[in-house]
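**Q** Start from the sequences and build out the full structure, keeping to the hints where you can.
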Amino acid sequence: MVSVCCLTYNHVKYVGQCLEGFACQKTNFPFEILIHDDASQDDTQNVILEFAAKYDSEVVKPICQKINQFSQGISPLRQILLPRVKGKYIALCEGDDYWTDPLKLQKQVDFLEAHPEYAMCFHNVKVIAEEGCRAETDIYAHLRDGDFTGEQIISRWTVPTCSVVFRKSCLDRLPNHPDFKIGDNVLFLTCASCGKLYCLNEKMGVYRRNAGGWTSQSTQKVAKDFIRHYEAMKVCFPMISACIFDHKIVSFYGLLTLLQFCRFDPELRQTVCKGFESYGFRYLGSCIGWGVRKCYDHIRKFFRNGTRHTFRK
Numbered sequence: 001m002v003s004v005c006c007l008t009y010n011h012v013k014y015v016g017q018c019l020e021g022f023a024c025q026k027t028n029f030p031f032e033i034l035i036h037d038d039a040s041q042d043d044t045q046n047v048i049l050e051f052a053a054k055y056d057s058e059v060v061k062p063i064c065q066k067i068n069q070f071s072q073g074i075s076p077l078r079q080i081l082l083p084r085v086k087g088k089y090i091a092l093c094e095g096d097d098y099w100t101d102p103l104k105l106q107k108q109v110d111f112l113e114a115h116p117e118y119a120m121c122f123h124n125v126k127v128i129a130e131e132g133c134r135a136e137t138d139i140y141a142h143l144r145d146g147d148f149t150g151e152q153i154i155s156r157w158t159v160p161t162c163s164v165v166f167r168k169s170c171l172d173r174l175p176n177h178p179d180f181k182i183g184d185n186v187l188f189l190t191c192a193s194c195g196k197l198y199c200l201n202e203k204m205g206v207y208r209r210n211a212g213g214w215t216s217q218s219t220q221k222v223a224k225d226f227i228r229h230y231e232a233m234k235v236c237f238p239m240i241s242a243c244i245f246d247h248k249i250v251s252f253y254g255l256l257t258l259l260q261f262c263r264f265d266p267e268l269r270q271t272v273c274k275g276f277e278s279y280g281f282r283y284l285g286s287c288i289g290w291g292v293r294k295c296y297d298h299i300r301k302f303f304r305n306g307t308r309h310t311f312r313k
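In terms of the numbering used here, the sequence shown opens at residue 1 and continues consecutively.
Rather than coming from a laboratory, the hints here were simulated on the basis of the structure. Note that this is a predicted model, so its numbers are computed, not measured. Hints may be right or wrong, so weigh each one.
[To be verified] Taking lysine-lysine and the DSS-like style, the derived pairs with C-alpha atoms no more than 30 Å apart in a straight line are:
1. K66 / K126
2. K248 / K126
3. K54 / K66
[Stated by the list, open to error] Here are the in silico distance ranges between beta carbons for each label pair:
4. N201 / S169: 23 to 31 Å
5. C243 / N46: 44 to 52 Å
6. L256 / D56: 47 to 55 Å
Ideal Cβ placement from N, Cα and C applies to all residues, glycine included.
**A** Following this line, the structure appears as structure tokens:
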């Protein structure tokens with residue numbers, strides 16, 4: 001009935017809790033657990049294999065890579081796990097997140113079975129910021145019981161990936177584009193094109209926000225990747241207002257512009273990158289305002305100096 005897809009990479013501190021969240025599910029239907037580890041450098045694979053050894057091979061199906069697939073341009077979820085699923089429904093949870101309600105799957109499947117017009121069901125989660133991460137923990141405070149549109153879920157961070165259960169049939173309409181970088185929001189918009197989306201406003205899982213390791217160089221690459229990603233989404237999802245994608249694209253161009261202003265000040269540049277990592281678009285709005293003022297100062301100084309030079313002639 002349900003295929004649970006789990007991606008892991010260097011999650012040894014968390015993956016045990018994630019797997020136990022799967023094992024504690026109480027359902028009146030069978031489900032399989034597909035786990036893909038992308039060549040972790042820590043002990044994640046051993047934890048997965050120890051867990052798999054406790055269950056039938058038709059229930060827990062680990063795939064432990066020796067070579068990192070993502071770095072080879074392969075999407076572990078789209079190209080490795082999803083083609084293997086057997087269930088009518090697919091549930092997602094990455095290895096550093098976990099489920100807390102043993103009836104989570106049952107509640108979501110019951111809803112989807114009773115409402116065939118819905119393509120996806122998701123729920124609220126508790127957000128934990130790991131030590132060293134200053135990220136906000138109230139990012140899902142706006143969630144409520146009820147329907148959400150494709151525009152709503154793409155314009156604001158709305159769907160916790162670890163909360164999603166969707167119909168496998170949606171995969172038939174999943175677009176493919178070489179510039180896609182964020183697989184989950186592509187999947188969610190695909191579900192929105194197949195039917196309605198429903199939120200259960202119950203906190204049935206935990207989404208963990210980790211301190212990242214972005215450098216100024218990687219931030220520039222990420223910004224450029226996101227620009228290409230949202231440009232591709234504009235093409236593949238014409239039913240979504242282009243203004244929503246344009247807003248995100250312009251924001252990332254603003255970040256790139258700001259980074260250029262910071263190019264001779266490594267400390268400031270690193271601060272900007274850290275701020276964006278921690279606070280996302282909310283921080284970016286302040287950055288763009290700062291960048292506009294800085295640009296104005298440079299232009300004013302340029303013309304003032306040019307005028308003085310002319311007068312001296």
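**Q** Range hint 47 to 55 Å: satisfied by the CB atoms of L256 and D56?
**A** The hint (47 to 55 Å, Cβ to Cβ) holds, given that L256 and D56 are roughly 51 Å apart.
**Q** Return holds or violated for the Cβ distance of N201 and S169 against the range 23 to 31 Å.
**A** For S169 against N201, whose Cβ atoms are near 26 Å apart, the range 23 to 31 Å holds.
**Q** Take the C-alpha atoms of K66 and K126, compute the straight-line distance between them, and say whether it is at most 30 Å.
**A** Violated - the C-alpha atoms of K126 and K66 are around 33 Å apart, more than 30 Å.
**Q** Falls inside 44 to 52 Å, the C-beta gap from C243 to N46?
**A** 48 Å, holds
**Q** Straight-line Cα separation of K248 and K126 no greater than 30 Å?
**A** 26 Å, holds
**Q** Take a quick look at whether K54 and K66 sit within 30 Å of each other, Cα to Cα.
**A** 23 Å, holds
Of the numbered hints given earlier, the model fails hint 1 alone.
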